[in-house]
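> If you read the protein sequences in the order shown, they are chains A and B.
Counting from 1, one number per residue, gives the positions in the first sequence under the numbering used here.
Counting from 1, one number per residue, gives the positions in the second sequence under the numbering used here.
Hints should not be assumed to be uniformly reliable.
[To be verified] Pairwise CB distance ranges, derived in the manner of DEER restraints: (1) B/82 to A/337: 47 to 53 Å; (2) B/103 to A/302: 53 to 59 Å; (3) B/92 to A/279: 45 to 51 Å; (4) B/68 to A/18: 50 to 56 Å; (5) A/467 to B/25: 21 to 27 Å; (6) A/40 to B/63: 21 to 27 Å; (7) B/94 to A/531: 52 to 58 Å.
The hints are simulated quantities; they were obtained by calculation from the structure and are not laboratory data.
Predicted, not measured: the structure shown is a model, and the values here were computed from it.
C-beta atoms are modelled at their ideal positions from N, C-alpha and C, and glycine is treated no differently.
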Amino acid sequence: MYQFSGKLKMLAIILMALGLLGTAYSFFSAPKTKEEAKAILAANAGHHGTHGDKSHKVDHSAEKHEEKKKDVHSKETVVEHITHDLGAHADETVGEHTKHAKDSVSDSVGHEEEKVSEHVKHALGTHANETLGEHEKHNEAHSDEDTRLTDSLNGHVADKNMNVDKHVKNHHADAHDEDHHLEHALHQMKNRPWSAFYVSMLFFLGITLLVFAFYASQRVAQAGWSVAIFRVMEAITNNIHYVSVFMLVFLILTAMHINHMFPWMAEGTFDPTHENYDAVVDGKKWFLNTPGWLIRSIVYLLGWNIFRFIIRKKSIQQDNGDLKLHKNIYNITVGFVVFFMISESMMSWDWIMGIDPHWFSTLFGWYVLATFLVSALTVIAFVTIYLRSKGALPLVNDSHIHDLAKFMFGFSVFWTYLWFAQFMLIWYADIPEETTYFAQRFNEYKLPFLAMVVMNFVFPVLLLINSDFKSIPWFVVLGGIVILIGHYVDLFVMIMPGTVGAQWGFGIGELSGFLFFLGMFIYATFSAFAKANPVPKGSPFLHESETHHYYIIEHRGEDNNGHH
Amino acid sequence: MSTNKVIHALYNDDDILMDAVKKVKDEHHHIEEVFCPFPVHGLDKAMGLAPTRLAITAFFYGITGLSVAIWLTWYTMIADWPQDIGGKPSFSWLTNMPAFVPIMFELTVFFAAHLMVITFYMRSKIWPFKKAENPDPRTTDDHFLMEIPVHDNEEELKALLATTGAVEINIVDKH
């Protein structure tokens, strides 16, 4: 039996304590008034130059320009509209683009000349380093529009189509705009500690859940090789119970409007007479409503917890070698897999896609699944390598590690496939309501957005493509660390743009959330592992797993001639 | 004594064959060839064959396919007859690259797979209408055949092979 050492327990508790302290600090230090938000913005402007108040004012003038243009074009057919856009944007240099922007803006909103020049400056700034090129330029307008939409959804804007005329006539709007913008930034800053905690919580919940799903798939497939690491996977899934408690509290607080992370929950979103009314979200009311959202979320959590509890309990009972019990666990696991496939997709809509309620992607559930699955396999490999080095896993040999690394490699490519499939279709079709998603990420989150693709695809491919490397523990750990960071960033880029927008960063709050859940993960996993026999000796496939040998590789430190 | 003399030892189980191959190698005899009805994992290593270099060729074939795809998309879509791709007529290969990724992927796989198979055929010296080389048709059904060249040690080999569980041992003149 494995002993959960005092040292490791202490580490877990210290991580959790540090995480809690840091999280409390990040909530405490978030700005509470507009004045504080203004001071932060001013400080940021000092740092980044163009990214201060100025660029935000510019956003609003661009908004008006965009709205006005919509009016002008409203009577034309769609095709004409597109042709116009195409013609104007064809083959242009940045200079030409700005000229064009200037022209059309002066045409429609002639009296906003000053702001227009700011817009031009802004455009020059953002386009200077662009690598995606023409397409992004073309989308610039959409991204501006998106800011406006998110803005209004967050519950503090009047800019809706019905107000356009009034708004455009409002030339003294400067002060109003600034005030309104400030309020928006304040809300984003208030969201930040919540989002920081939420990203890590979801990251660890997703990983734990997918470890459970992978374990279930092994049971359903009657897999032989993985029996030696069954208890590792079972131990990790113990974390589901722990994170679920925090998730439940978070869900209830969110439903009570303690935070404003989900824009569609804002007051008046479904009320046509309210200034926050949003027709698009109203059309999704049958799904996107707070009671339904909360009930669904609780059903997912409850389902996962109950399945985990029952399967783990029966799996320990199975140490007596009862084959009827084996079949019984098989049946329950099939039920879980079905429940999981549905609940995982819906979870990704409810908990992640709902943050950008205007945007939708039909393969989002798969994409989130791929992110968590590759992270889950990496975590299984990490825990297995650690426990094996402590001598706690007598049956695990190099071939088991090799298989886990193969899964890490394969699912990294699978993730890339889904990520790119989602990106390319949206890029190709170029429909404004869809491109906003990538335009915002490409403009405001360029570094994490691009770095994550490199970390999640290029690195794993280069590090793990060689068969010999896949069974070398330190190599797997090296590749795994990059994969885990990459997928954390992936989740970060899924959530942050919709909740904190341009006010993002990686600071004490983000780090603390991660440390807290890491500590909890360590505690949950190793305390559960210590409670059961590390070898599931009742499994009918135990021998198959014990003699598992991928014929191409050589097992270090043991006789290689025994098996083939 | 003819140097073209070989011993054919037949086995009817792949595990017995593997053990036999290891035993013969341990006695430092050269195994010319083993004929099997299906691939036996680890046999190449047991026979002392050099690791295959097919993976390396596959990598280069893949690179070739990728290059061909890049050239093809650039020439047909950008250079020779500029196309408006997805409403973004930039006429630049790089900024339209996402649209070409499926083509790049497919041609990489196509080149790697086909050229690898052709390379394998050439290295194995098999081509259409070639007469089969296997010395005993039973090796295409349920028997395994180990071929060992004889160098004045006929009896010694026979005795050794008899202890390895061979179901049949024949001395054959190879022409």
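> If you check the beta carbons of residue 92 of chain B and residue 279 of chain A, does the distance land in 45 to 51 Å?
violated (38 Å)
> Can you let me know if the beta-carbon spacing of residue 94 of chain B and residue 531 of chain A is within 52 to 58 Å?
56 Å Cβ-Cβ, so the 52 to 58 Å window holds.
> Regarding residue 68 of chain B and residue 18 of chain A, is the given constraint of 50 to 56 Å on their beta-carbon distance met?
At 54 Å between Cβs, range holds.
> May I ask you to test the hint 53 to 59 Å on the CB atoms belonging to residue 103 of chain B and residue 302 of chain A?
violated (47 Å)
> Does the beta carbon distance between residue 467 of chain A and residue 25 of chain B stay inside 21 to 27 Å, or does it fall outside?
holds (24 Å)
> Can you let me know if the beta-carbon spacing of residue 82 of chain B and residue 337 of chain A is within 47 to 53 Å?
Cβ of residue 82 of chain B to Cβ of residue 337 of chain A: about 50 Å, so the range 47 to 53 Å holds.
> Tell me if the beta carbons of residue 40 of chain A and residue 63 of chain B are separated by a distance inside 21 to 27 Å.
The hinted range 21 to 27 Å is violated for residue 40 of chain A and residue 63 of chain B, with Cβ atoms some 50 Å apart.
In terms of the numbered hints stated before, the structure departs from hints 2, 3 and 6, listed from lowest to highest.
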